[in-house]
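Quick note, the sequences are listed as chains H and D, same order. Residue numbering for the first sequence follows the working numbering, beginning at 1 and increasing consecutively. Residue numbering for the second sequence follows the working numbering, beginning at 1 and increasing consecutively.
Be careful, since some hints might not be right.
[Unchecked claim] In silico BS3-like pairs for lysine-lysine, Cα to Cα no more than 30 Å straight-line:
#1 H:K248 - H:K282
#2 D:K104 - H:K327
#3 D:K34 - H:K28
#4 D:K104 - H:K169
#5 H:K46 - D:K56
#6 H:K89 - D:K34
#7 D:K192 - D:K127
#8 H:K323 - D:K104
#9 D:K56 - H:K169
#10 D:K36 - H:K327
#11 D:K34 - H:K366
#12 H:K89 - D:K56
#13 H:K323 - D:K56
#14 H:K89 - D:K52
#15 H:K4 - D:K56
#16 H:K327 - D:K52
#17 H:K244 - D:K90
#18 D:K90 - H:K300
#19 H:K4 - D:K153
#20 D:K127 - D:K56
#21 D:K75 - H:K327
#22 H:K327 - D:K153
#23 H:K366 - D:K56
#24 H:K367 - D:K192
#25 D:K75 - D:K104
#26 H:K300 - D:K159
#27 D:K127 - H:K367
#28 D:K153 - H:K300
#29 H:K113 - H:K8
#30 D:K52 - H:K282
#31 D:K104 - H:K300
[What the hints assert, rightly or not] Here are the simulated distance ranges between beta carbons:
#32 H:T183 - D:N91: 49 to 55 Å
#33 D:S137 - H:S370: 40 to 46 Å
#34 D:N91 - H:R303: 18 to 24 Å
#35 H:A253 - D:S137: 50 to 56 Å
#36 D:N91 - H:S370: 49 to 55 Å
#37 D:R157 - H:R303: 39 to 45 Å
Bear in mind the hints are in silico, worked out from the structure with no lab data behind them. None of the values given here were measured: they were computed from a predicted structure. Cβ coordinates follow ideal geometry from the N, Cα and C atoms, glycine included.
The residues making up each chain are set out below.
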Amino acid sequence: MAEKGIGKVETHCYTFGTQTISLESKEKLGPVTLAYETYGALDAQKSNAVLILHALSGDAHAAGFLEGDKKPGWWDDLIGPGKAFDTEKYFVICSNVLGGCRGSTGPASINPKNNKPYGLDFPLISINDMVRCQRTLVESFGIERLLCVVGGSMGGMQALAWMIEFPDKIKSAIPIATAMRHTPQQIAFNEVGRQAIMADPNWAGGNYYGKVTPSKGLSLARMIGHITYMSDSSMAEKFGRQKKTDAKGGFSADFEVEGYLHYRGDNFVKRFDANAYLYITKAMDNFDATRGRSLSEVFKGLRAQVLVIAFRSDWLYPTYQSKEIVKACKLCGVPASFCEIDSTYGHDAFLLEVDEETRLISHFLKKVASSL
Amino acid sequence: MRLDHQIIKELIASRSSVLDLGCGDGELLSLLIKEKQAQGQGIEIDEQEIYKCVEKGLNIIHGDIDSGLHEYRDKSFDYIILNQSLQQVKNFDEVFTDALRVGKHVVAGLPNFAYYQARIQLAIRGKAPVTKSLPYSWYNSPNVHFFSLNDFKDYCREKHIIIESNVCLDSRRRISFLPNLFAQVGIFLVHK
């Protein structure tokens with residue numbers, strides 16, 4: 001497995017804004033650090049760079065193996081030699097978002113004003129803020145224009161933000177299983193997750209660093225999330241009504257699906273910060289690519305080529321939301337491709353439907369790379 | 001090269017914008033891009049055909065013809081191509097009217113249900129016709145409109161649609177003698 005992929009990788013850090021950067025909220029923050037990884041080599045013209053944008057719980061480690069890793073990065077199936085994002089052709093960058101907890105500046109970082117973790121003193125951040133920081137990172141490589149920005153779910157929102165914030169700095173964009181803005185239903189699920197965290201007494205108004213963390217609340221938020229990432233049929237197929245062999249009866253989590261959700265929740269709290277979950281989900285809920293206008297108006301001036309991908313069983317980001325993006329492209333004459341992949345995996349499909357995504361992305365990128 | 005593709009290629013001006021509705025694997029669209037320097041966009045319902053189109057480097061949108069058109073602004077394209085797909089759309093009149101709105105011209109490739117072999121099968125044998133241009137059995141046909149080349153001409157007259165050009169063919173050659181009897185397919189270039 002490792003020999004076919006890109007093998008050992010390292011996470012790097014880039015720090016900027018030695019004074020501060022201005023956020024969309026007008027608040028100042030700084031200095032800012034982004035954790036990032038790169039795969040493949042930048043060509044002499046610096047024209048082969050692809051920026052991978054991660055989802056809510058993702059991080060900079062998209063591919064390959066870090067020291068001591070048993071499993072590769074979260075999109076390793078698509079990134080590597082001969083894969084969709086072919087590292088023999090493309091220079092692939094992935095960074096942890098601003099507000100994250102996986103090496104980038106976020107609420108768990110140290111506030112230089114008082115040398116304590118920010119907690120809720122961390123300013124509200126937006127998807128656009130995340131993207132502006134990524135732009136600074138990309139510029140640090142001397143890259144003027146990215147070949148492609150690509151991501152699923154919240155990563156797709158960032159791809160949309162790139163299309164709007166920096167239309168002449170990207171040659172193409174691939175928003176996957178995403179939306180131009182959250183619906184009340186999507187906000188509602190996020191709010192239940194946030195309330196689960198804030199209802200945990202250990203959350204303590206966000207001041208839990210160095211103490212007991214609100215792991216019950218964060219775990220519950222993650223469990224709710226995982227329900228929305230799967231589909232009725234993928235759950236039925238994966239778990240059925242199967243019970244564990246050591247079923248204890250009563251109210252113990254004996255059904256396989258219960259065990260799975262607990263397992264997912266328990267693992268999540270080991271690697272994720274509860275406050276970061278609050279900040280990032282809020283950034284998603286506040287994101288609105290239309291900015292009160294029609295998306296096609298906002299897309300005016302965009303010269304990028306666009307590939308939109310949706311999944312039939314994804315009920316968290318239903319296909320009609322992807323079609324709204326496609327419609328805006330149609331209306332403003334942006335060349336677009338769209339495919340609704342017939343998957344049963346639900347929202348998780350963007351991490352799992354490797355063959356179909358590879359077919360679409362590899363050929364799309366080839367076309368983009370060969371066009372002027 | 002398929003004869004109908006050859007004919008459509010000849011009908012279309014170089015360097016124009018083209019929307020191919022129901023473009024299948026994108027063979028025609030690729031041809032128009034390569035040989036006529038067209039700017040092409042396709043719409044196709046079959047997911048497997050989408051992959052083939054993307055492999056050819058085409059801009060392709062997954063969706064059905066009935067709903068694929070109405071999102072475009074007036075005269076967004078020089079040509080709308082509806083080749084061998086109109087007989088399968090649910091609402092022919094709505095789609096065709098919309099195609100005339102979105103395109104400066106419409107190229108329609110239509111199977112002829114009054115082809116003489118079809119007439120023989122229906123009149124003599126008393127059976128639903130199956131021909132090369134209408135290859136389906138009655139029980140699995142995706143076709144929902146059954147009309148002849150003359151029916152289509154009547155339709156254009158009634159709707160004040162101007163036929164700029166009409167080429168008829170069977171599976172191998174162009175047919176100019178009694179096309180409504182001897183042609184399997186009619187290709188019309190029209191506008192409104």
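Could you check the hint for me, namely that S137 of chain D and S370 of chain H are 40 to 46 Å apart, CB to CB? 44 Å, holds
Satisfaction of the hinted span 49 to 55 Å by the C-beta atoms belonging to T183 of chain H and N91 of chain D: The hinted range 49 to 55 Å is violated for T183 of chain H and N91 of chain D, with Cβ atoms some 30 Å apart.
If you draw a straight line from the CA of K327 of chain H to the CA of K52 of chain D, is it 30 Å or shorter? Cα-Cα ~22 Å, so holds.
Under the criterion that the straight-line Cα-Cα distance not exceed 30 Å, is the pair K89 of chain H, K56 of chain D satisfied? 19 Å, holds
Can the restraint linking K90 of chain D and K300 of chain H be considered satisfied, given a maximum Cα separation of 30 Å? With Cα atoms ~34 Å apart, K90 of chain D and K300 of chain H exceed 30 Å; violated.
Next pair to validate is K89 of chain H with K52 of chain D; report whether the Cα-Cα distance is within 30 Å. The given pair, whose Cα atoms are some 22 Å apart, holds under the 30 Å limit.
Has the given pair, K192 of chain D with K127 of chain D, been kept, meaning a C-alpha gap of at most 30 Å? With a Cα-Cα distance of about 38 Å, the restraint between K192 of chain D and K127 of chain D is violated, given a limit of 30 Å.
Could you grab the alpha-carbon distance between K36 of chain D and K327 of chain H and see if it respects the 30 Å cut-off? Holds, at about 27 Å.
Taken at face value, is the distance from the CA of K169 of chain H to the CA of K104 of chain D at most 30 Å? Roughly 33 Å between the alpha carbons, so the hint for K104 of chain D and K169 of chain H is violated.
Hinted pair K4 of chain H and K153 of chain D, Cα distance within 30 Å: Cα-Cα ~61 Å, so violated.
Is K75 of chain D within 30 Å of K104 of chain D, Cα to Cα? Satisfied, since the Cα-Cα distance of roughly 5 Å is no more than 30 Å.
Has the hinted range 50 to 56 Å been met by the Cβ atoms of A253 of chain H and S137 of chain D? For A253 of chain H and S137 of chain D the Cβ distance comes to about 54 Å; the hint holds.
Violation of the numbered hints given earlier is confined to hints 1, 3, 4, 7, 17, 18, 19, 20, 22, 24, 26, 27, 28, 29, 30, 32, 34, 36; the remaining hints are satisfied by the structure.
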